[in-house]
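In the order they appear, the protein sequences are chains A and B.
Heads up: the first sequence is residues 1 to 386, going by the working numbering.
Heads up: the second sequence is residues 1 to 386, going by the working numbering.
Everything labelled a hint here was simulated from the structure, so no lab data went into it.
Just so you know, these numbers come straight off a predicted model, no measurement behind them.
Glycine residues also receive a C-beta, built at the ideal position from the N, C-alpha and C atoms.
One thing to keep in mind: the hints can contain errors.
Said to hold, decoys possible - Ranges between beta-carbon positions, derived for each pair:
hint: 1; chain 1: A; residue 1: Pro235; chain 2: B; residue 2: Ala138; range: 40 to 50 angstroms
hint: 2; chain 1: B; residue 1: Arg8; chain 2: A; residue 2: Ala73; range: 24 to 34 angstroms
hint: 3; chain 1: B; residue 1: Asp208; chain 2: A; residue 2: Ala73; range: 54 to 64 angstroms
As the list claims (entries may be wrong) - In silico contact screen, one side only, chain B against chain A (beta carbon under 7 angstroms); selected entries:
hint: 4; residue: Val4
hint: 5; residue: Gln6
hint: 6; residue: Ala35
hint: 7; residue: Leu39
hint: 8; residue: Leu47
hint: 9; residue: Phe65
hint: 10; residue: Ser86
hint: 11; residue: Pro99
hint: 12; residue: Ala223
hint: 13; residue: Ser244
hint: 14; residue: Pro255
Stated by the list, open to error - List of simulated lysine to aspartate or glutamate pairs, DMTMM-like, C-alpha gap at most 25 angstroms:
hint: 15; chain 1: A; residue 1: Lys144; chain 2: A; residue 2: Glu168
hint: 16; chain 1: A; residue 1: Lys144; chain 2: A; residue 2: Asp130
hint: 17; chain 1: B; residue 1: Lys328; chain 2: B; residue 2: Glu318
hint: 18; chain 1: A; residue 1: Lys276; chain 2: B; residue 2: Asp43
hint: 19; chain 1: B; residue 1: Lys276; chain 2: A; residue 2: Asp43
hint: 20; chain 1: A; residue 1: Lys381; chain 2: A; residue 2: Glu318
Protein chains: 2
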Amino acid sequence: MPDVTQTRIPPGVIDLGVGHPSLELLPLEPLHQAALHRLSQGDPSFLQYGVESGDGYFRTELAGFLSRHYGFALGPEELFITSGVSQALDLICTVFTRPGQVVFVEEPTYFLSLGIFRDHHLEVVAIPTDENGLILEALEVALKQHQPAFLYTIPTFQNPTGTTLSQERRERLVELSQQYGFLIVADEVYQLLHYYQPPPPSLGRFADRAGVLSLGSFSKILAPGLRLGWIQAAPHRLQALAQSGLVASGGGLNPFASAVVRSALELGLLEPYLQKLRSVYRSRLEAMLQALRQEGLEPRYLPQGGYFLWLELDPSFETQRLLEQAIKEGVRYQPGARFSNQGRLAHALRLCLAYYDIPDLLEGVRRLAGVLRVVAAAAGKGHCIE
Amino acid sequence: MPDVTQTRIPPGVIDLGVGHPSLELLPLEPLHQAALHRLSQGDPSFLQYGVESGDGYFRTELAGFLSRHYGFALGPEELFITSGVSQALDLICTVFTRPGQVVFVEEPTYFLSLGIFRDHHLEVVAIPTDENGLILEALEVALKQHQPAFLYTIPTFQNPTGTTLSQERRERLVELSQQYGFLIVADEVYQLLHYYQPPPPSLGRFADRAGVLSLGSFSKILAPGLRLGWIQAAPHRLQALAQSGLVASGGGLNPFASAVVRSALELGLLEPYLQKLRSVYRSRLEAMLQALRQEGLEPRYLPQGGYFLWLELDPSFETQRLLEQAIKEGVRYQPGARFSNQGRLAHALRLCLAYYDIPDLLEGVRRLAGVLRVVAAAAGKGHCIE
Numbered sequence: 001m002p003d004v005t006q007t008r009i010p011p012g013v014i015d016l017g018v019g020h021p022s023l024e025l026l027p028l029e030p031l032h033q034a035a036l037h038r039l040s041q042g043d044p045s046f047l048q049y050g051v052e053s054g055d056g057y058f059r060t061e062l063a064g065f066l067s068r069h070y071g072f073a074l075g076p077e078e079l080f081i082t083s084g085v086s087q088a089l090d091l092i093c094t095v096f097t098r099p100g101q102v103v104f105v106e107e108p109t110y111f112l113s114l115g116i117f118r119d120h121h122l123e124v125v126a127i128p129t130d131e132n133g134l135i136l137e138a139l140e141v142a143l144k145q146h147q148p149a150f151l152y153t154i155p156t157f158q159n160p161t162g163t164t165l166s167q168e169r170r171e172r173l174v175e176l177s178q179q180y181g182f183l184i185v186a187d188e189v190y191q192l193l194h195y196y197q198p199p200p201p202s203l204g205r206f207a208d209r210a211g212v213l214s215l216g217s218f219s220k221i222l223a224p225g226l227r228l229g230w231i232q233a234a235p236h237r238l239q240a241l242a243q244s245g246l247v248a249s250g251g252g253l254n255p256f257a258s259a260v261v262r263s264a265l266e267l268g269l270l271e272p273y274l275q276k277l278r279s280v281y282r283s284r285l286e287a288m289l290q291a292l293r294q295e296g297l298e299p300r301y302l303p304q305g306g307y308f309l310w311l312e313l314d315p316s317f318e319t320q321r322l323l324e325q326a327i328k329e330g331v332r333y334q335p336g337a338r339f340s341n342q343g344r345l346a347h348a349l350r351l352c353l354a355y356y357d358i359p360d361l362l363e364g365v366r367r368l369a370g371v372l373r374v375v376a377a378a379a380g381k382g383h384c385i386e
Numbered sequence: 001m002p003d004v005t006q007t008r009i010p011p012g013v014i015d016l017g018v019g020h021p022s023l024e025l026l027p028l029e030p031l032h033q034a035a036l037h038r039l040s041q042g043d044p045s046f047l048q049y050g051v052e053s054g055d056g057y058f059r060t061e062l063a064g065f066l067s068r069h070y071g072f073a074l075g076p077e078e079l080f081i082t083s084g085v086s087q088a089l090d091l092i093c094t095v096f097t098r099p100g101q102v103v104f105v106e107e108p109t110y111f112l113s114l115g116i117f118r119d120h121h122l123e124v125v126a127i128p129t130d131e132n133g134l135i136l137e138a139l140e141v142a143l144k145q146h147q148p149a150f151l152y153t154i155p156t157f158q159n160p161t162g163t164t165l166s167q168e169r170r171e172r173l174v175e176l177s178q179q180y181g182f183l184i185v186a187d188e189v190y191q192l193l194h195y196y197q198p199p200p201p202s203l204g205r206f207a208d209r210a211g212v213l214s215l216g217s218f219s220k221i222l223a224p225g226l227r228l229g230w231i232q233a234a235p236h237r238l239q240a241l242a243q244s245g246l247v248a249s250g251g252g253l254n255p256f257a258s259a260v261v262r263s264a265l266e267l268g269l270l271e272p273y274l275q276k277l278r279s280v281y282r283s284r285l286e287a288m289l290q291a292l293r294q295e296g297l298e299p300r301y302l303p304q305g306g307y308f309l310w311l312e313l314d315p316s317f318e319t320q321r322l323l324e325q326a327i328k329e330g331v332r333y334q335p336g337a338r339f340s341n342q343g344r345l346a347h348a349l350r351l352c353l354a355y356y357d358i359p360d361l362l363e364g365v366r367r368l369a370g371v372l373r374v375v376a377a378a379a380g381k382g383h384c385i386e
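Please work from the sequences and hints to get the whole structure.
As structure tokens, then:
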């Protein structure tokens, strides 16, 4: 059978490393309804080469949606439609960096962003983080040594740690960006996936007074297959994106999906779906936490939203090396070293709460704990967590 | 009213420069049918992160379609799904070039490709063309001076000239690519838009013995707003694209549109639509040719397909400078200098036959001829064409 999805899991394995939504949660019915609505309006404009910044009706709907959820009001002129955050990052590198420049990332950071920076011949410098996100004192030290084109940060429910940058640090970060003159590229795909209190407002709130490019996506709140996202920023920065070679030639990046999601927004289909996701993921997070704790595997941080749990094991563990054994026992995870551009964090691992339902999550945790117990025993240790 | 399309035409102006399909020809009804079909199958896989090379079912359908139309058989493993040719070019530059390298283009060439090459910090060297496309003697001279990462060519119904690379030259070009070790990036978006005899087979026919990347798209045969295209090449080259940072992170480039067009192919909706386009565009080409000839404006070449007619005026004309006057008279065109990376071809212009229906095309030609007559008379010349 031909492959359709990027999710490749060996048979019999519960892959807690996969950062994808559950297949069975994907909103086939709402998108069916939205597509029907859009395609029966008699207006084929969305099938033409699209306006560079993205369908104006869609941006208007999206601006309304974000204004309700982001904690501040924003307008369609502050939005540029993308084919998702990866594509947005790629385009931002094209437009706002030159080969050989430095970009700052968090340590740990979303590991697949590193491939995009590599493709643009950028030098990556990692800034440490703690339970409140990026450590700004460390950032300031690095700023005295480097002039980064931008800082790439995942401020809310971070990938992989699940932590959130505190409000105080957000304000100080923006000051530093103004003082040192670097862009903040904020990957905020988990911003709306809060399971308790809403997080601080999106960093895009500061876009009018600082160089913030706030990246959002429908991948985590609707469907990754749409390849639909947005950049919220000051209009003059979006203008530079619209003048890139790619966009000047091909026009707006995803008119067809934009038009369908415009209908989903107009028909009010996104709000209840988002509520459902929050409720399902909250149950999964709590079930997984409970199971981990029962096994003595307390995560390093306690996430209030998003997809991920981050475990730091005793420093003697090497999670990359353990992976083979884990797969034999029917479980996978993402080894910590992948989230460091220097291969650090070798004793850590990332688990995802989104992909599996609760029975599989519990079974996955059980298998993982079994593997770690065996390894700890062989090393003469009674515990796994440092 | 918010902007939806990239087509921006001043009121009252007939813009023969726009290289877009007609709004009223866009296939709203077939895509409605296809979307309904796909979204009512009960399988949400196409909403997930997609497999890197593109939905396997879609690639299988597409391989069958292309095998029927391209003049040779090809399989799904030779296809990589893109978000259109502009995105494909951008990705190819990312993967197959390094900043500072040389790429060859045709003179004239598709002007908006130059912005993509600029964004990748490439040096562009132009190779002259004639009525049979790229002049291979000139290419060989340039190959003795430069080592290009690739040659960007539009071999069939070229943009802007409408010419087609002869079969003999195709074979020689492939030999040169093997001998000198450069990739051929063939932009073949007009390959299926033949209005008389089919053109020589796609350059992708040589992909197994030479470094050919054949770029195709649904923009000109279905709808640009889908942002859906493909690269046909040897599987190991496609593998390099799949390992790019962008694709490794975001997965396949357009799963949602792929799934809808998969249904359009399965339901046999593309063939009759393509036949209709050929028939409508042939009438438009013939009407436009007749109107131009009546005005004494014989195009430089006689296109057998595609979107464009190329006029070379008397060398005293400067079509960029004339544009303002033409717009006052209610007509636009693309000035020739845009199609040369060196600003040559200032006396030429490109007209598009696809966007308007016949009455508007005829009126546009009438207005253009009027402007040129006035300018010729003012310069004391009795003719416009060199």
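Consistency of the hints with the structure:
{"no.": "1", "hint": "Pro235/A / Ala138/B: 40 to 50 angstroms", "result": "holds, 45 angstroms"}
{"no.": "2", "hint": "Arg8/B / Ala73/A: 24 to 34 angstroms", "result": "holds, 28 angstroms"}
{"no.": "3", "hint": "Asp208/B / Ala73/A: 54 to 64 angstroms", "result": "holds, 57 angstroms"}
{"no.": "4", "hint": "Val4", "result": "holds, 4 angstroms"}
{"no.": "5", "hint": "Gln6", "result": "holds, 4 angstroms"}
{"no.": "6", "hint": "Ala35", "result": "holds, 5 angstroms"}
{"no.": "7", "hint": "Leu39", "result": "holds, 4 angstroms"}
{"no.": "8", "hint": "Leu47", "result": "holds, 4 angstroms"}
{"no.": "9", "hint": "Phe65", "result": "violated, 15 angstroms"}
{"no.": "10", "hint": "Ser86", "result": "holds, 3 angstroms"}
{"no.": "11", "hint": "Pro99", "result": "holds, 5 angstroms"}
{"no.": "12", "hint": "Ala223", "result": "holds, 4 angstroms"}
{"no.": "13", "hint": "Ser244", "result": "holds, 6 angstroms"}
{"no.": "14", "hint": "Pro255", "result": "holds, 4 angstroms"}
{"no.": "15", "hint": "Lys144/A / Glu168/A", "result": "holds, 22 angstroms"}
{"no.": "16", "hint": "Lys144/A / Asp130/A", "result": "holds, 21 angstroms"}
{"no.": "17", "hint": "Lys328/B / Glu318/B", "result": "holds, 16 angstroms"}
{"no.": "18", "hint": "Lys276/A / Asp43/B", "result": "holds, 20 angstroms"}
{"no.": "19", "hint": "Lys276/B / Asp43/A", "result": "holds, 20 angstroms"}
{"no.": "20", "hint": "Lys381/A / Glu318/A", "result": "holds, 14 angstroms"}
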